[in-house]
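Build the full structure now, drawing on both the sequences and the hints.
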Amino acid sequence: VTEHVGELASAHLDGELSPDEAAAFDAHVAECAECRAEVVATATVRDTLRAAPAIDPPFGFYERLVRRPPSRPPRPWWTAAAPVVAVAAVWIAVLGFAVDPGRPAVTPPVDQIRATLGTPDLTPAPGFSLHKVDPTASPLPDSVLHLPRHETFKTKAGDVLVVFGDSPKNWLAVLTEPGDADWARLRGGLRSPVAGVPGSPWQSTAPGAMPAIVYQEGDVVVTVTGTVPADQVVQAARDLHSGAQPSVVDRLRDACDSVLDAFSLR
Amino acid sequence: VSASVPTWEGVAREHGRFLYTVAYRLTGNHDDAQDLVQEVLVRVQRGLATYRPGSMHGWLSRITTNAFLDDVRKRKRRPVDLAGDDIERVAVTGPDVDETIASEQLPDHVQAALRTLPDDYRAAVVLCDVVGLSYTEIADSLDVPVGTVRSRIHRGRAQLRDVLA
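Heads up: the sequence lines are chains A and B, in that order.
Here this note's numbering = 1-based position in the first sequence + 10.
For the record, in the second sequence the residue sitting at position 62 is 59 according to this note's numbering, with numbers rising by one throughout.
Hints are supplied without guarantee of correctness; some may be wrong.
[To be verified] Restraint ranges, calculated between C-beta atoms of paired labels, are given here:
{"no.": "1", "chain 1": "A", "residue 1": "G206", "chain 2": "B", "residue 2": "Y48", "range": "42 to 52 Å"}
{"no.": "2", "chain 1": "B", "residue 1": "R112", "chain 2": "A", "residue 2": "D57", "range": "16 to 26 Å"}
{"no.": "3", "chain 1": "B", "residue 1": "K73", "chain 2": "A", "residue 2": "E17", "range": "24 to 34 Å"}
{"no.": "4", "chain 1": "B", "residue 1": "H106", "chain 2": "A", "residue 2": "D66", "range": "16 to 26 Å"}
{"no.": "5", "chain 1": "B", "residue 1": "L161", "chain 2": "A", "residue 2": "P29", "range": "30 to 40 Å"}
{"no.": "6", "chain 1": "A", "residue 1": "D36", "chain 2": "B", "residue 2": "E6", "range": "42 to 52 Å"}
{"no.": "7", "chain 1": "B", "residue 1": "N26", "chain 2": "A", "residue 2": "S153", "range": "19 to 29 Å"}
{"no.": "8", "chain 1": "A", "residue 1": "E17", "chain 2": "B", "residue 2": "R72", "range": "28 to 38 Å"}
{"no.": "9", "chain 1": "B", "residue 1": "D116", "chain 2": "A", "residue 2": "D241", "range": "41 to 51 Å"}
{"no.": "10", "chain 1": "A", "residue 1": "D229", "chain 2": "B", "residue 2": "R49", "range": "20 to 30 Å"}
{"no.": "11", "chain 1": "B", "residue 1": "V160", "chain 2": "A", "residue 2": "D241", "range": "45 to 55 Å"}
The set of hints was computed from the structure by calculation and includes no laboratory data.
Owing to the predicted nature of the structure, the values given are computational and were not obtained by experimental measurement.
Backbone N, C-alpha and C define an ideal beta-carbon position, used for all residues, glycine too.
Written as structure tokens, this is what we have:
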């Protein structure tokens, strides 16, 4: 019996042995059960790897790169996640009274923020500022889903949060952020087309999570959430998107501008 | 000649899925795969002048494995940072959309097994079984002798076999 050739099993399967090596390999394997087993086992692994399908990048990954060329250093995930964290912090800081602490967070950082904040204390998480702005100063809609406009806040440069509602138990919040949605960072939900809402919006799906929908409208990311049922949140998004021109989102975008001016942030 | 020189946007458009697949198989998670693809496209942008018409997949996978191994070496020089990263990752790990998509596309145990391989072995196995390069091309990409490629691929597969068993 010649020397074992198991080490050559991969090269043999890949057609990478020279004719002489291949002949010697075949001759040995014909006589050696151990090496035959090695070939079979290696072939199984090789087949498994080769049969594995291609992997799709997250939705819109390359589209975002094309808009934001890669020569710009990639943003670390924590800054990319900042808008989501900010949204969560704002919900908790402003509307914390209405958020059931037993409910799962829509994004993982929410849990950490909630833990830092403590349940009854409504102090905004470190690094987040919140300014109430004069609601009459901006051309905002007076109501959404028959919920009257309650308060308008500037959360950070360019973001506007508008709260509609008639009680702490019954409210709807609309947040607009200039820029592109970072879909890959949103947790606890799924993206799928929704009639009447642009693009392929993201909706929270985690059991018991706050109903929320996030969609891109032009150069603004719109987040709608609230204590109302999920279908009403979607309906609110539809109302915001469609209907009269300029659309509500257009007006919110104008509101962003006026808020920026008001706070001399330009 | 200029017509045959691709742009990085063109590379992303035409070969984005291939590129992402290689990056994902090497890194084993979407966050690192996205970072790696961005780095590859930066290198593509810089290196387009040196691109000679031929196998685009071969060229891209060579850039990708080199960028990956460069990053691995860089991280190894910063053990403290790496430990910090790991803690961060554990803290934010949870079911999310990306992971769901990935697990649908490739059985978790296979991708998990790939992650257990030493980086050099994984690079050789990915170039062989995901990209489909010949041993000579792999040797060329990794700048090692063909004999080394041969043993890395076999040892890599043997290790996967044990992990998957």
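Hints and how they fare:
1. A:G206 <-> B:Y48: 42 to 52 Å: holds, 45 Å
2. B:R112 <-> A:D57: 16 to 26 Å: Since the Cβ atoms of R112 of chain B and D57 of chain A sit about 20 Å apart, the hinted range of 16 to 26 Å holds.
3. B:K73 <-> A:E17: 24 to 34 Å: holds, 28 Å
4. B:H106 <-> A:D66: 16 to 26 Å: This hint holds: roughly 20 Å between Cβ atoms.
5. B:L161 <-> A:P29: 30 to 40 Å: holds, 32 Å
6. A:D36 <-> B:E6: 42 to 52 Å: holds, 49 Å
7. B:N26 <-> A:S153: 19 to 29 Å: Violated - the Cβ-Cβ distance for N26 of chain B and S153 of chain A, about 44 Å, lies outside 19 to 29 Å.
8. A:E17 <-> B:R72: 28 to 38 Å: Check passed, 31 Å falls within 28 to 38 Å.
9. B:D116 <-> A:D241: 41 to 51 Å: For D241 of chain A against D116 of chain B, whose Cβ atoms are near 49 Å apart, the range 41 to 51 Å holds.
10. A:D229 <-> B:R49: 20 to 30 Å: Hint violated: Cβ distance 40 Å, outside 20 to 30 Å.
11. B:V160 <-> A:D241: 45 to 55 Å: holds, 46 Å
Hints 7, 10 from the earlier list are contradicted by this structure; the remaining hints agree with it.
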